[in-house]
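From first to last, the protein sequence lines are chains V and P.
Using my numbering, read the first sequence as starting at 1 and increasing by one per residue.
Using my numbering, read the second sequence as starting at 1 and increasing by one per residue.
A portion of the hints provided could be inaccurate.
Identical chains share a label here; the pair holds if one copy fits it or two copies do between them.
Said to hold, decoys possible - DSS-like mimics (lysine-lysine), calculated; alpha carbons at most 25 Å apart, straight line:
| no. | residue 1 | residue 2 |
| --- | --- | --- |
| 1 | K85 | K146 |
| 2 | K40 | K144 |
| 3 | K143 | K166 |
| 4 | K146 | K166 |
| 5 | K88 | K162 |
| 6 | K146 | K162 |
| 7 | K32 | K88 |
| 8 | K162 | K42 |
| 9 | K88 | K19 |
| 10 | K40 | K162 |
| 11 | K182 | K89 |
Derived by calculation from the structure, the hints in this document are not laboratory data.
As the structure is a prediction and not an experimental result, all values here were calculated from the model.
There are 2 protein chains.
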Amino acid sequence: MRIITIGREFGSGGRELGKRLADALGIPCYDKEIITEVAKIKGIDDSSIEQITEQDINSVYSITIGRTMCYYTQVDNDVISAQQKVIKKLASEGDCVIVGRQADVILSDMDPLNIFVYADRDSRLARCLARDTEGEGERAILKKMKTVDRQRAANRRLVTSKEWGKPESYHLCVNTSGIDIKTLIPALADYARAWFEK
Amino acid sequence: MRIITIGREFGSGGRELGKRLADALGIPCYDKEIITEVAKIKGIDDSSIEQITEQDINSVYSITIGRTMCYYTQVDNDVISAQQKVIKKLASEGDCVIVGRQADVILSDMDPLNIFVYADRDSRLARCLARDTEGEGERAILKKMKTVDRQRAANRRLVTSKEWGKPESYHLCVNTSGIDIKTLIPALADYARAWFEK
Numbered sequence: 001m002r003i004i005t006i007g008r009e010f011g012s013g014g015r016e017l018g019k020r021l022a023d024a025l026g027i028p029c030y031d032k033e034i035i036t037e038v039a040k041i042k043g044i045d046d047s048s049i050e051q052i053t054e055q056d057i058n059s060v061y062s063i064t065i066g067r068t069m070c071y072y073t074q075v076d077n078d079v080i081s082a083q084q085k086v087i088k089k090l091a092s093e094g095d096c097v098i099v100g101r102q103a104d105v106i107l108s109d110m111d112p113l114n115i116f117v118y119a120d121r122d123s124r125l126a127r128c129l130a131r132d133t134e135g136e137g138e139r140a141i142l143k144k145m146k147t148v149d150r151q152r153a154a155n156r157r158l159v160t161s162k163e164w165g166k167p168e169s170y171h172l173c174v175n176t177s178g179i180d181i182k183t184l185i186p187a188l189a190d191y192a193r194a195w196f197e198k
Numbered sequence: 001m002r003i004i005t006i007g008r009e010f011g012s013g014g015r016e017l018g019k020r021l022a023d024a025l026g027i028p029c030y031d032k033e034i035i036t037e038v039a040k041i042k043g044i045d046d047s048s049i050e051q052i053t054e055q056d057i058n059s060v061y062s063i064t065i066g067r068t069m070c071y072y073t074q075v076d077n078d079v080i081s082a083q084q085k086v087i088k089k090l091a092s093e094g095d096c097v098i099v100g101r102q103a104d105v106i107l108s109d110m111d112p113l114n115i116f117v118y119a120d121r122d123s124r125l126a127r128c129l130a131r132d133t134e135g136e137g138e139r140a141i142l143k144k145m146k147t148v149d150r151q152r153a154a155n156r157r158l159v160t161s162k163e164w165g166k167p168e169s170y171h172l173c174v175n176t177s178g179i180d181i182k183t184l185i186p187a188l189a190d191y192a193r194a195w196f197e198k
């Protein structure tokens, strides 16, 4: 099975890159589809699932231990465990690209190609502003960029020592600053094909 | 001008990747050639130049400032400045790949494609052992891996805030763990071509 996972900074175009790469390889790309599937299983709506799986994790300062401890509630755990099952099921069905959701960690047994997509602040802001149909504005977007990435890093720390955004956690790190992602896809598809032949 | 710079972890195969990528693109690759050129200009031998440009930088603890200060001696400065001139001259002569020597920083005005090559400890060790014709042995190689990379990071800190080995300092970071570098070259050459058409 050839599984490609995409980790990404908020606004870096990781989702676009994942979709386009999957199209080029003729395989499905799973992103929000995972949320919808988990929502169906748990009988709650998509936005609640998203809130749980991408939320700022709960934390409490322990006087005994002398540092802040992060934890999931029982409900969070149920949803996260359901999400892991969905990701494993999708991956077992055939070659695919999976965006986010720590799929690289969850599917590590399947030896996936793990790509991290990132960009400088200005490029990410420009990309977010271009798709800002709800008129959030620059200030709100910059705040969201910071918060979401902090959440991703923190959530990841609960399940693995391979840190979010550090090169050693991935096989390829792609900087999309000032680049039209479309133009990189043929080379990335070739890279993926070569990598799986290793 | 299309300039590609290669930063690399010791033993990651960055030099091999640079040479092969240059061959695939039909352009020259400069690596040790830079040292030889600088040695000619300064009238000292290659190994002295290498020692100065890749040495552990001099440092002294300043009581007034309350922290360790790094510095170059006058001789170091002369050699480093000569090396920068050689790198700029080579780059101005035409498309090329330049391995190491902070070429990405020195040539930043020319908007080079900056690639970082890295690998996990075991892969780097295996690569070094395979070319260990002098019989240095595992322990010495592991020590060298650590020392050389620490030197590279420290030397870089003297000239730029873009840190060595951090993704944001590069356009593409390639993990060569367990990979035959040859197989990645056609895709990387395509990636470079696409990147320069941005």
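Status of the hints after comparison with the structure:
Taking CA atoms no more than 25 Å apart as the test, K85 paired with K146 passes in neither setting, with 29 Å inside one copy and 40 Å between copies. Taking identical chains as interchangeable, the C-alpha atoms of K40 and K144 are never at most 25 Å apart, the minima being 27 Å within one chain and 54 Å between chains. Both within a single protomer and between protomers do K143 and K166 lie at most 25 Å apart by alpha-carbon distance, with minima of 22 Å and 23 Å respectively. Taking the shortest alpha-carbon separations for K146 and K166, both the intra-copy value of 17 Å and the inter-copy value of 18 Å come in at or below 25 Å.
Proximity of K88 to K162 under the C-alpha cut-off of 25 Å is restricted to the intra-copy arrangement: shortest distance 20 Å within a copy versus 38 Å between copies. Taking the shortest Cα distances, K146 and K162 sit within 25 Å of each other both inside one copy (20 Å) and across copies (20 Å). For a Cα distance limit of 25 Å, the shortest separation of K32 from K88 inside one copy, 15 Å, qualifies, whereas the shortest one across copies, 48 Å, does not. In this assembly of identical chains, the alpha carbons of K162 and K42 never lie at most 25 Å apart, being 29 Å within a copy and 45 Å across copies at closest.
Within a single copy, K88 and K19 get their C-alpha atoms as close as 19 Å, which meets the 25 Å cut-off; across copies the closest is 40 Å, which misses it. When the C-alpha separation of K40 and K162 is checked against a cutoff of 25 Å, the pair qualifies neither within a copy, at 31 Å, nor between copies, at 46 Å. Proximity of K182 to K89 under the C-alpha cut-off of 25 Å is found in neither arrangement, the shortest distances being 29 Å within a copy and 34 Å between copies.
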